[in-house]
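Residue numbers (the UniProt record's numbering), protein chains in the order written: chain A, 1 to 325; chain B, 1 to 325; chain C, 1 to 325; chain D, 1 to 325.
It should be emphasised that the hints constitute simulated quantities derived from the structure, not laboratory data.
Misleading hints may appear alongside valid ones.
Since copy identity is lost for identical chains, a pair holds within one copy or between any two.
Straight-line alpha carbon distances no greater than 35 Å define the calculated DSBU-like cross-link-like pairs of lysine-lysine that follow [stated by the list, open to error]:
1. Lys244 with Lys234
2. Lys311 with Lys93
3. Lys202 with Lys92
4. Lys92 with Lys216
5. Lys92 with Lys3
6. Lys244 with Lys3
7. Lys93 with Lys234
8. Lys202 with Lys113
9. Lys3 with Lys93
10. Lys92 with Lys234
11. Lys57 with Lys244
12. Lys93 with Lys202
13. Lys93 with Lys216
14. Lys97 with Lys216
Residues per chain, in single letters:
Protein chains: 4
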Amino acid sequence: MAKPSIAILTSGGDAPGMNAAVRAAVRAGLNADVDVYGVRCGYQGLIDDDFIPMDAKSVSHIINQGGTTLLSARCEDFRTEAGRATAAENLKKRNIKGLVVIGGDGSFTGALKIAQEHGISVVGVPATIDNDIYGTDFTIGFDTAVNTVMEAVDKIDDTAESHNRLFFIEVMGRDAGFIALHAGMASGCSEILIPEEETDVKYLVSRLNDLHSRGKRSMIVMVAEGDQCGGVFKLARQTEDALKDMQVRVTVLGHLQRGGSPTCADRVLACRLGVAAVEKLLQGVGGVMVGTRNQQVVTTSLAEAIEKKSKPDEDMIRVAHTITY
Amino acid sequence: MAKPSIAILTSGGDAPGMNAAVRAAVRAGLNADVDVYGVRCGYQGLIDDDFIPMDAKSVSHIINQGGTTLLSARCEDFRTEAGRATAAENLKKRNIKGLVVIGGDGSFTGALKIAQEHGISVVGVPATIDNDIYGTDFTIGFDTAVNTVMEAVDKIDDTAESHNRLFFIEVMGRDAGFIALHAGMASGCSEILIPEEETDVKYLVSRLNDLHSRGKRSMIVMVAEGDQCGGVFKLARQTEDALKDMQVRVTVLGHLQRGGSPTCADRVLACRLGVAAVEKLLQGVGGVMVGTRNQQVVTTSLAEAIEKKSKPDEDMIRVAHTITY
Amino acid sequence: MAKPSIAILTSGGDAPGMNAAVRAAVRAGLNADVDVYGVRCGYQGLIDDDFIPMDAKSVSHIINQGGTTLLSARCEDFRTEAGRATAAENLKKRNIKGLVVIGGDGSFTGALKIAQEHGISVVGVPATIDNDIYGTDFTIGFDTAVNTVMEAVDKIDDTAESHNRLFFIEVMGRDAGFIALHAGMASGCSEILIPEEETDVKYLVSRLNDLHSRGKRSMIVMVAEGDQCGGVFKLARQTEDALKDMQVRVTVLGHLQRGGSPTCADRVLACRLGVAAVEKLLQGVGGVMVGTRNQQVVTTSLAEAIEKKSKPDEDMIRVAHTITY
Amino acid sequence: MAKPSIAILTSGGDAPGMNAAVRAAVRAGLNADVDVYGVRCGYQGLIDDDFIPMDAKSVSHIINQGGTTLLSARCEDFRTEAGRATAAENLKKRNIKGLVVIGGDGSFTGALKIAQEHGISVVGVPATIDNDIYGTDFTIGFDTAVNTVMEAVDKIDDTAESHNRLFFIEVMGRDAGFIALHAGMASGCSEILIPEEETDVKYLVSRLNDLHSRGKRSMIVMVAEGDQCGGVFKLARQTEDALKDMQVRVTVLGHLQRGGSPTCADRVLACRLGVAAVEKLLQGVGGVMVGTRNQQVVTTSLAEAIEKKSKPDEDMIRVAHTITY
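Build out the structure end to end from the sequences listed, making use of the hints.
So, in structure tokens, the structure goes:
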């Protein structure tokens, strides 16, 4: 009889720490004497039968690499029943009983479907820089992204301060303000605009003018991509007349926020969740996402993880407003 | 009648994020319309009457700086009743009702004494790279320190891998293995030696030889300063004969672990705890340390924070052993 | 008789290493027993009489800071004869015989005028991230900027590779391609578009399609701001149909390129040129810019430094094209 | 008739940028339509016949990696005539006419011997963090190493300043003071001890006490490994009584100085020299080392590169002493 096997894939937008999660899952599987396959390009590889047998060395020296060495891709075919049937067949012919899906909630939707339709045990590992997945305190990649943003803003602050300027800086977060809130607080921004709070441009202008009149030389306003203000270019156009004593500048940080060597916290989280995902599969548990709550590994049903959204902490938002100047 | 006032000091070994905590406490005090003093050189400044009135600008552009701009120092005099009486007098003559002490458990001992003897309200803010303070999930400075260690080990790993070498790397942690455990897991170390676990040098040697015989080209063993092995130099001498196929090298990372611009997580934690400390004082709460548990601000009595110790999570230790190779 | 004095200012766009140059100039002046003044906000401070007496401590711990602690500003008044007359008066009343101007060629134009009109000895120190000043191998700030760009592109490359994408990345360099050329070569970009070379968009498209068809998964094209293609957004629109197999993404790195703690090379260059500027003044030499050629300090007349432009090395350009893939 | 071929190896201590040089040499060879082999583990691989055919992809995404993916090793056998004969045979059987040796002067000695004894064309590429190779302004790896040291000292300076301490920091440089001189100047060290200058411990002590008495709170003394003082531990023991008002601390930076992702300058230098080495071979030039002088690629005979030593610039040393405080 063939040994039981598991497969691992990364899906959706890449996030720093995905490689650390793959490595941990591979090592945990091998240590439990299970055959482990890596699937390339996410669900596309499941359908295209792009499986790689993994040994301990296959994941050496990837813990510190950004992106995903298993690659990722969008996959329209997996949205079809036929596509998922092909994928399931490719898994079954290798005696793969369990699948680890490392990605965001979009990826979990596909995972839930193949689990329900074909009886594949699937465990999700939350990895996205946006941090908006329900069922975990933090997602893999978030800590790296906020540090990347903070370091970029620290650099911009050098030049803002030297020149008496106001910067509007746009960061990722189409649906959630986590990145803006954490990185904005950490880089001492004067204001932070997030989708979770209503944005009042008039109030913003009066607040910035007030700070300026109190002698504040430079100011940075951090804006989440998904904020109602409609983006930093629009915001700058709307406000620059009213802010006429200041030189207004705009920066959109862009894709550099997704990359980079993962931070310690992201690597540690990835190690823990990668191991936990495999352990759950080996215990016969499927249809769940692993996460951490209060420093402990917990599971949430995939359905719940997909349906609910994580929200920034109210107290964090209050503190952010308390200490700006 | 004079306005109520508060004072803020940093004490003990410096930790990245202390400045962010000072800034947050100052801003929170000013926003509550309280006079705020900074005390230079920790308890020594209390005794020497080295107080600086703080305004919002006085803490501008320090959120990203390592060390402590308020300075720190050991203070023998504060261990005496006379010293503490002088300190209390200096506080009282400025109508200072509350004192924020940012530091480690050694610093909290002094804080508790002046609170008990002179009725000063004191709130402690846990800041030490060692992370071993009871009453908080993390201490300010820990996240920066583990990232510093991890980045150093990533560099050493380049050269280890290029040359087929075994490195013993010693990191800070006289009493606790947090730094070694987190940074060791995150940098993919082959073994991690911490004071909380018994160290069996014979087993270590056989494990390393086993990994070597399975083709592992380079290995790094991370050793907490306080591990029973007695330090990396002793460990290298004890093992190098038994590890004779490998070139053994030793590095003690040293004081660079204490410095550096704080990470996002340390700055956010410092912002939250700095604000919380002042809010507690203004609510009339004293004799406590503020910390976070499960992402929420909590308080612990100073007596408890001093007496108990925080321990690394058992599951973390298990995971660290599971994924090494 | 009053001691001789010198004054130091930073002008124009800020560049990492300006503070290191100020520090070196201040220390060199003090070591030669000369009174040293710092002038705030560039030429504006000369006119507004905003002078600060500098001692050795006044420049402590600024060597590693980005931006300029002496601040910088545009100054329309200094373009007028009346403005320069006021400035000269403010210098003369303090017995200041020599002025160190740290900035770009725009700043040197003002320096040359006040020298010619009012007999002030002026020495220029070339500091701009653009590196396009004649008379020196490198300008202060360039090395930091190219490392900042390279590190950002390294991060973007993680995500490009994970997702099979083509990125157009725009970097600073309105008149010169130095930043794009050095950082583009160093980050392994597939193509580099600079103002010094004609850009043929059709050729670019065929070249990228060719690389793609040979199996190259991700590609990055670095574009200097001043390239004839007219910016990355226009370039993306023009090419995306012809590049239809690839997902095209655009990033404008923006102002983070100006900031950051200076690199070792920028700090060393700033130390050398800051000292050299003061030594020239004390030797009675004025009307020149200091720079380095072949690792040695050299001087160029300000007139020549203003008139001529530095160009990227032909061999560098050839090598950049040789190794792309 | 077989195509002409070239081979590339890295040898001696690894240095950041070796991978970038390998990549450039491989790409330059392939672009010239030559077969290219990588040799693993330096000269050991030549003898052991450990050759890998290289294509353009084989060097993708290594430009930013520290260490050497071709690996390095000491090789006693290559010091023997028999060893070199075997190596030459392995080269000849693949029709390899030219060999690129990336390493330090020790590696060039072997290169010269195999060239002289067996008529192999060899071109050396100087790569060592020590920068002490004659025939080039800078060696590959030096710029990265000095930035690594500088960043570590910046961190230590945070804690030194917070606590009123004196640090002796030892950096690499057994024979040469380049690292200490550049990184020491760039991190604002109070004193820099290098083998090229006589060290007078008594003078050092009086100078440090003098600075201390003038109010300098923290001091860092950078010591090159090869300085006559005999290392930082000995220096600390010798001086701590005489420096009794200061807390003396010692740090040996160690092997982290060798690793890390190469800086822009190191990558650019590696690109240029990797290409130049192959171009020289294809032009029929051998027995030389390529380097840069005054930003231009130059060649030096291997014999001369081995015999002579590069020395720190006198003016640099003078400037370093001028601006310390």
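Okay, the hints, checked on the actual structure:
With identical chains, the CA atoms of Lys244 and Lys234 are at most 35 Å apart both within one copy (16 Å) and between copies (30 Å). Neither within a single protomer nor between protomers do Lys311 and Lys93 lie at most 35 Å apart by alpha-carbon distance, with minima of 41 Å and 46 Å respectively. Within a single copy, Lys202 and Lys92 get their C-alpha atoms no closer than 60 Å, and across copies no closer than 44 Å, so neither meets the 35 Å cut-off. When the C-alpha separation of Lys92 and Lys216 is checked against a cutoff of 35 Å, the pair qualifies only between copies, where the shortest distance is 32 Å, while the shortest distance within a copy is 64 Å.
When the C-alpha separation of Lys92 and Lys3 is checked against a cutoff of 35 Å, the pair qualifies only within one copy, where the shortest distance is 13 Å, while the shortest distance between copies is 48 Å. Taking the closest pair of Cα atoms, Lys244 and Lys3 never come within 35 Å of each other, the shortest separation being 71 Å inside a single copy and 37 Å across copies. Taking identical chains as interchangeable, the C-alpha atoms of Lys93 and Lys234 are never at most 35 Å apart, the minima being 54 Å within one chain and 49 Å between chains. When the C-alpha separation of Lys202 and Lys113 is checked against a cutoff of 35 Å, the pair qualifies neither within a copy, at 46 Å, nor between copies, at 45 Å.
Taking CA atoms no more than 35 Å apart as the test, Lys3 paired with Lys93 passes inside one copy only; the shortest distance there is 12 Å, against 45 Å between copies. For a Cα distance limit of 35 Å, the shortest separation of Lys92 from Lys234 qualifies neither inside one copy, at 52 Å, nor across copies, at 48 Å. For the identical chains of this complex, Lys57 and Lys244 are inter-copy neighbours only, at 23 Å across copies versus 60 Å inside a copy, given an alpha-carbon limit of 35 Å. Neither within a single protomer nor between protomers do Lys93 and Lys202 lie at most 35 Å apart by alpha-carbon distance, with minima of 62 Å and 44 Å respectively.
Proximity of Lys93 to Lys216 under the C-alpha cut-off of 35 Å is restricted to the inter-copy arrangement: shortest distance 31 Å between copies versus 66 Å within a copy. Taking the closest pair of Cα atoms, Lys97 and Lys216 come within 35 Å of each other only across two copies (30 Å); inside a single copy the shortest separation is 61 Å, beyond that limit.
Figure legend: structure checked against the earlier numbered hints; hints not met, in rising order: 2, 3, 6, 7, 8, 10, 12.
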